[in-house]
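J.: With chain A fixed as given, assemble chain B onto it according to the hints.
There are 2 protein chains.
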Amino acid sequence: MRLSEIGEFNLIRRLRTLCKSTAKDIVLGIGDDTAAIKIATKKILITSDMLLEGIHFDLSFTTFYQLGYKVLAVNISDIFAMGGNPKYFLLNIGVPKAYDSKDIHKLYSGIMKIAKKFGVVVVGGDTCASRQGLVLSGTLLGHADRIIMRSGAREGDGIFVTGTLGDSSMGLMLLKKMRTKNWKLRTSHFPVPTSQLRLIKRHLMPEPKPLKNTEGITSMIDVSDGLLIDLSHICDESKVGAIIYKERIPVSRELINTAENLGLDPIKFALTGGEDYILLFTAPPEIKTKANRIGEIIKRGRFVVDSRGKKTPFKAEGYEHFKTVNSR
Amino acid sequence: MRLSEIGEFNLIRRLRTLCKSTAKDIVLGIGDDTAAIKIATKKILITSDMLLEGIHFDLSFTTFYQLGYKVLAVNISDIFAMGGNPKYFLLNIGVPKAYDSKDIHKLYSGIMKIAKKFGVVVVGGDTCASRQGLVLSGTLLGHADRIIMRSGAREGDGIFVTGTLGDSSMGLMLLKKMRTKNWKLRTSHFPVPTSQLRLIKRHLMPEPKPLKNTEGITSMIDVSDGLLIDLSHICDESKVGAIIYKERIPVSRELINTAENLGLDPIKFALTGGEDYILLFTAPPEIKTKANRIGEIIKRGRFVVDSRGKKTPFKAEGYEHFKTVNSR
Numbered sequence: 001m002r003l004s005e006i007g008e009f010n011l012i013r014r015l016r017t018l019c020k021s022t023a024k025d026i027v028l029g030i031g032d033d034t035a036a037i038k039i040a041t042k043k044i045l046i047t048s049d050m051l052l053e054g055i056h057f058d059l060s061f062t063t064f065y066q067l068g069y070k071v072l073a074v075n076i077s078d079i080f081a082m083g084g085n086p087k088y089f090l091l092n093i094g095v096p097k098a099y100d101s102k103d104i105h106k107l108y109s110g111i112m113k114i115a116k117k118f119g120v121v122v123v124g125g126d127t128c129a130s131r132q133g134l135v136l137s138g139t140l141l142g143h144a145d146r147i148i149m150r151s152g153a154r155e156g157d158g159i160f161v162t163g164t165l166g167d168s169s170m171g172l173m174l175l176k177k178m179r180t181k182n183w184k185l186r187t188s189h190f191p192v193p194t195s196q197l198r199l200i201k202r203h204l205m206p207e208p209k210p211l212k213n214t215e216g217i218t219s220m221i222d223v224s225d226g227l228l229i230d231l232s233h234i235c236d237e238s239k240v241g242a243i244i245y246k247e248r249i250p251v252s253r254e255l256i257n258t259a260e261n262l263g264l265d266p267i268k269f270a271l272t273g274g275e276d277y278i279l280l281f282t283a284p285p286e287i288k289t290k291a292n293r294i295g296e297i298i299k300r301g302r303f304v305v306d307s308r309g310k311k312t313p314f315k316a317e318g319y320e321h322f323k324t325v326n327s328r
Numbered sequence: 001m002r003l004s005e006i007g008e009f010n011l012i013r014r015l016r017t018l019c020k021s022t023a024k025d026i027v028l029g030i031g032d033d034t035a036a037i038k039i040a041t042k043k044i045l046i047t048s049d050m051l052l053e054g055i056h057f058d059l060s061f062t063t064f065y066q067l068g069y070k071v072l073a074v075n076i077s078d079i080f081a082m083g084g085n086p087k088y089f090l091l092n093i094g095v096p097k098a099y100d101s102k103d104i105h106k107l108y109s110g111i112m113k114i115a116k117k118f119g120v121v122v123v124g125g126d127t128c129a130s131r132q133g134l135v136l137s138g139t140l141l142g143h144a145d146r147i148i149m150r151s152g153a154r155e156g157d158g159i160f161v162t163g164t165l166g167d168s169s170m171g172l173m174l175l176k177k178m179r180t181k182n183w184k185l186r187t188s189h190f191p192v193p194t195s196q197l198r199l200i201k202r203h204l205m206p207e208p209k210p211l212k213n214t215e216g217i218t219s220m221i222d223v224s225d226g227l228l229i230d231l232s233h234i235c236d237e238s239k240v241g242a243i244i245y246k247e248r249i250p251v252s253r254e255l256i257n258t259a260e261n262l263g264l265d266p267i268k269f270a271l272t273g274g275e276d277y278i279l280l281f282t283a284p285p286e287i288k289t290k291a292n293r294i295g296e297i298i299k300r301g302r303f304v305v306d307s308r309g310k311k312t313p314f315k316a317e318g319y320e321h322f323k324t325v326n327s328r
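Protein chains in written order, with my numbering: chain A, 1 to 328; chain B, 1 to 328.
Bound conformation, chain A alone (with noise of 0.2 Å):
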């Protein structure tokens, strides 16, 4: 049924049940004019993320189950990046009324399904018409013993990622190629091998993990603009250098195929492409991790070694608000 005919309050009146929760810490979820909580511990985490049509995502390439799922995972993302644990999350939806109330629940379905994974309760928010396409802000709450900054990373660290990079990169421009052949994509029967479909998996619907063990970590940030980007970030906020070694970085067989098929470098989308969700971090070079050591904290310049050893110097390029000219 059309939003038109179900309206506001009705809306809600569903999303309230399906996102109801029984967990002792929610005083007041959905339906009143705050969500209201009982903080167990003294310290907490908020981020806020919004995700616009046309700007970071396109509906004839994602579901609306992805979307649910990503908005939440890319907010889950930066609260695992400052060591903290998830807990509370809150939508606000802009959408045109034209809009079916399954396609919503359908949003919602991809959003309780990473809630569940990782323990977080759907609080609140505001539901709206919008008359520019759909409009996603998720605000998250979380709690952390310790938190981890951008500003702590120290010479002599080392650089560290906890998994591969540039798949979200790669796998939107698949999507992108798509599109321009105008296929109607499916992702339950896609035209596409395996191995480009898990580097989409990897764009629509991101898997942020959290570090177990933040002992001795001295800086964290998590990859959504890209990795040159974000260790700048990290270098700027710290006030330090950094070296990276490009035959460290780890890059997935997936996307070294497909690159190569395409005549394309694949190292490029793994220094610049972003959205991969993986963990940046810094500690000292000892510290025992499985995650993979790319480079060192130096004291200043920010350089690309290359398999002869040429060192480059790099800047902060990767995917920048009002100056990258294509959407993601």
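Everything labelled a hint here was simulated from the structure, so no lab data went into it. All the given hints hold, so there is nothing to weed out.
The list treats identical chains as interchangeable, and a pair is accepted whether it falls inside one copy or across any two copies.
Below, a list of computed lysine-lysine pairs in the BS3-like style, where the Cα atoms sit at most 27 Å apart:
1) K43 - K239
2) K117 - K106
3) K117 - K212
4) K20 - K239
5) K176 - K268
Small disclaimer: the values here were computed from a predicted structure and weren't measured.
T.: Only chain B this time, still in chain A's reference frame:
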């Protein structure tokens, strides 16, 4: 300078300076993956409200300063409606990249104006390009010792409001009339009588006010969608009925005069016009308060009584997203 010239990260740097706070409870403000706050109380309130261009506002008759003021005002109003104190604000903005960075500066000046008035600190948010007009999504956290919900109204309680009703919706109507005449509006030298200017100001820059003493109050909500809708929310949540007396509803001299000049009924604006952002609450009738008692909570049924004692059932009439045809 255009946003496309200064870019996202320079913009964030400026906003960070503008919103800097020395409050001791702010562990981390703007500039990391999340904000971090030390919470003194154990109960927190969270509310999130979105303002979309073409639905909630029209840049042909609001300034960026007023818009910034309003996006925080409407969130503060929600915290007041719970009997709480507003504390920490996050703003997500989606801005077309052709905008000037001065516009965003003005928007934040409006936010900072009302933030300082109520001791609110701007701790974070997300800044991104938008292809579809200006998008504002605010999230506000607050404290409360005692939370006043919509669900506590009891038969026999009086129904109270803390200010005049209908001013904001009449103000909006005046703005729309002016637009059709193609007037270029300037708030400084406005080609309308002062009385009408007051109505317009109540629409563009609502002034939320907290209740000083919430002792004895059984339920509360802020009037954002219109008296009849918001009272219906209290009735729904409290499982009670209500009777209100038209003659007791406080309406401003400005509203009466303007409505008379236009041949319209001021009480219609007071009953169904939204966005007054005053408080509507219920309490035993003997409670000491300066608020206007406009009716009583009854067992069931919802009625409006006119000056001749005629009782008419009312429905939840007012502004409802997806259903209401005209934008605000």
